[in-house]
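Asker: Take the sequences, apply the hints, and build the full model.
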Amino acid sequence: MTDRTDPARTDPQPSPAAAHGPTSARARAVERLQRYGIFLALVVVCLALTALNEFFLTPRNIVNVLRQTSINGILAIGLTFVILARGIDLSVGSVVALAGVIAASLATTSSGAAVAGGPYPVAVALAAGIAVGAACGAASGAVVARFNVPAFVATLGMLSAARGLTLLYSEGRPVPALTDEFRWIGTGDLFGVPMPVVLFIAVFLASWWVLGQTRFGRHVYAAGGNPHAATVSGINVRRIRFAVFVISGALAGLAGMILAARTGSALPQAGVAYELDAIAAVVIGGTSLAGGVGRVTGTVIGALLIGVVNNGLDLMGVESYYQLVIKGLLIVAAVMLDQTRNQRD
Amino acid sequence: MKKLLSSVAVLATFAGPAAAQDDPLKIGAALYGLQAEFMQIWAEAAEQHPAVQSGMVDLTIFDGRYDALVQQEQFETMATQGFDAAIFAPIDVEAGAEAVRIAHEAGIPVIGSNTQVNSELLTSYVGSDDTRSGYMEAQMVLEAIGCEDGGNVVIIEGPIGQSAQVQRLEGNQRALAECPNVKVLEQQTANWSRAEAQTLMENWLTAHPGEIDGVIGQNDEMALGAIEAIKAAGLNVEDFAIAGIDGVTDALTAVKAGEMQSILQDARAQAQGAIDVAIAAATDGDYEPQSDIWTQYPEMSWEGGEASYYDVPWTPVTADNVDDLLATRQ
Numbered sequence: 021m022t023d024r025t026d027p028a029r030t031d032p033q034p035s036p037a038a039a040h041g042p043t044s045a046r047a048r049a050v051e052r053l054q055r056y057g058i059f060l061a062l063v064v065v066c067l068a069l070t071a072l073n074e075f076f077l078t079p080r081n082i083v084n085v086l087r088q089t090s091i092n093g094i095l096a097i098g099l100t101f102v103i104l105a106r107g108i109d110l111s112v113g114s115v116v117a118l119a120g121v122i123a124a125s126l127a128t129t130s131s132g133a134a135v136a137g138g139p140y141p142v143a144v145a146l147a148a149g150i151a152v153g154a155a156c157g158a159a160s161g162a163v164v165a166r167f168n169v170p171a172f173v174a175t176l177g178m179l180s181a182a183r184g185l186t187l188l189y190s191e192g193r194p195v196p197a198l199t200d201e202f203r204w205i206g207t208g209d210l211f212g213v214p215m216p217v218v219l220f221i222a223v224f225l226a227s228w229w230v231l232g233q234t235r236f237g238r239h240v241y242a243a244g245g246n247p248h249a250a251t252v253s254g255i256n257v258r259r260i261r262f263a264v265f266v267i268s269g270a271l272a273g274l275a276g277m278i279l280a281a282r283t284g285s286a287l288p289q290a291g292v293a294y295e296l297d298a299i300a301a302v303v304i305g306g307t308s309l310a311g312g313v314g315r316v317t318g319t320v321i322g323a324l325l326i327g328v329v330n331n332g333l334d335l336m337g338v339e340s341y342y343q344l345v346i347k348g349l350l351i352v353a354a355v356m357l358d359q360t361r362n363q364r365d
Numbered sequence: 066m067k068k069l070l071s072s073v074a075v076l077a078t079f080a081g082p083a084a085a086q087d088d089p090l091k092i093g094a095a096l097y098g099l100q101a102e103f104m105q106i107w108a109e110a111a112e113q114h115p116a117v118q119s120g121m122v123d124l125t126i127f128d129g130r131y132d133a134l135v136q137q138e139q140f141e142t143m144a145t146q147g148f149d150a151a152i153f154a155p156i157d158v159e160a161g162a163e164a165v166r167i168a169h170e171a172g173i174p175v176i177g178s179n180t181q182v183n184s185e186l187l188t189s190y191v192g193s194d195d196t197r198s199g200y201m202e203a204q205m206v207l208e209a210i211g212c213e214d215g216g217n218v219v220i221i222e223g224p225i226g227q228s229a230q231v232q233r234l235e236g237n238q239r240a241l242a243e244c245p246n247v248k249v250l251e252q253q254t255a256n257w258s259r260a261e262a263q264t265l266m267e268n269w270l271t272a273h274p275g276e277i278d279g280v281i282g283q284n285d286e287m288a289l290g291a292i293e294a295i296k297a298a299g300l301n302v303e304d305f306a307i308a309g310i311d312g313v314t315d316a317l318t319a320v321k322a323g324e325m326q327s328i329l330q331d332a333r334a335q336a337q338g339a340i341d342v343a344i345a346a347a348t349d350g351d352y353e354p355q356s357d358i359w360t361q362y363p364e365m366s367w368e369g370g371e372a373s374y375y376d377v378p379w380t381p382v383t384a385d386n387v388d389d390l391l392a393t394r395q
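So the sequences go chain by chain: A and B.
With the working numbering applied, the first sequence has no gaps in its numbers, which climb one by one up to 365 at the end.
With the working numbering applied, the second sequence has no gaps in its numbers, which climb one by one up to 395 at the end.
These are calculated hints, taken from the structure and not from any lab test.
Take these hints with a grain of salt, some might be off.
[Claimed, not checked] DSBU-like mimics (lysine-lysine), calculated; alpha carbons at most 35 Å apart, straight line:
id, chain 1, residue 1, chain 2, residue 2
1, B, Lys248, A, Lys347
2, A, Lys347, B, Lys296
3, B, Lys248, B, Lys321
4, B, Lys296, B, Lys248
5, B, Lys296, B, Lys321
[To be verified] Rough simulated footprint, nothing fancy, chain B against chain A, three-plus residues with beta-carbon under 8 Å:
id, stretch
6, 83 to 94
7, 192 to 204
From the three backbone atoms N, C-alpha and C, an ideal C-beta is built for every residue, glycine too.
Answerer: See the structure below:
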């Protein structure tokens, strides 16, 4: 566990093997397997599906998988920040719905659902959706960081409150007739790449840079790995804890708007249980729920693995219930791998 | 804001202005959940019933929050508070029976509405036959692709085992059996969800390129999801025969655009009809129904409010009536 007690280390993705000094070839191989195991799993599943179904490895299907993964992927990236800092965010599914209906009400031509004076330019709607998400995250983050309420409890409260606010705001009805400009973030494309995928990649690259290359990123790892040591070494752990929830909330807001733009209406019952798939992607991707260890690349691969499995089973006409079973097995297998690593430390 | 709060609240009372009657009838409506549009329309129509507006009836709407146990507890509450009648739209056909028993023991007549409950103790039921709508929507799709010519359809189902899914599928299959040349390529649940149906349809379009001619969505939301998937794949929605059920607002708009067909499930008739039947059950004298739905659907005869089953007709949404229907949703 030495890697968790050294907040000042510059390697943002500490490897257990490296922390033990000189490494044998075998230890290096084990470490490599843990590091790239999830990626190997994705490759193996993709090869298997390519062999089993002629349509799997076609450009259109790959685009489908990426598009279907993008919303869960964006949520999971937000959760990676929170979980690295030793928190959890259960509220993202409700925040998806809340940001969706509020942003949509600014970008609809429907007379019944629009905010007076609408539809507003798409930039206003987008900014509002992200602001709503960030505000939900800030509320959860403040409760966690300022009042030391466990993140599980604070975000459980937000899960319920944000859903209630969504229903109040929308009167339980969908917000339909979104402007073409708003729908573009869900249905448009940039040089042939669907917008949800473009946004997913943009969020991934930005997060990868923040976590891997910036001081803030190092502090997130430190605050999650060993909050006490981080505090002693001068890191404002409270501020970090607060900030990760704001990031998660803002990304949930973005995901909510993409969902509304894709489905054509913002539905108040959207996003129910989305937090579970997002947490699953983070965990399958190798980020430790104990905080301080993990990487956003793993999360993205975890999300892709879930998306590929669902897509492949649909292509083969397998009942959706198997998808749930397989996802469950993946989650448990991933955490078992994580546990064996911890025991070896 | 006031309307909004009262319709969402777990327990909201819509008392009319100072009632002419000394003692308004206390009627509770236990609905399975208020998070989807259909039940919202139901609740609003109930609130608009003339007897509720005049203060003759003191109506309380209970949000069952999609939980059979929550609904049962709400019936316990109604029993304790001595309600005169209850209207019940259960989340589950079997689990609702215990709630009906609780009301029965407390001497409260229970009128089913919208969703079925498997109980002998139900006083009456005001709802629409889901087998019928399943048959009608499948027929619409089959007619569009040509029963004789044949073709391929996919069925997007509701949550497996829920009464609406079971009965709509039965209707779907009855219509399909009449067209042996039409093949069902895929059949899977999307849990009434637009987003889930969209993913499913995207994957099916990949697995069966150029083969799918029709989409039978067991509700409008899922049919709308299929439309979005078709658009996202760069295909022409007009090349597909698509039908859904319920007549939610987005579906009405899609019908108007010529993208799909839908069948209106009349939430207003179900709600106001159930209130009239509940008043009849709670009063001894001859009660004459006050809602205009009885003149709107003359084929649904009143029979003194004593029939055990009132079959609210389904109305296909067409180019002729879609504008009128949309006007009621503003």
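Asker: List, from low to high, the hint numbers that the structure doesn't satisfy.
Answerer: Violated hints: none; all satisfied.
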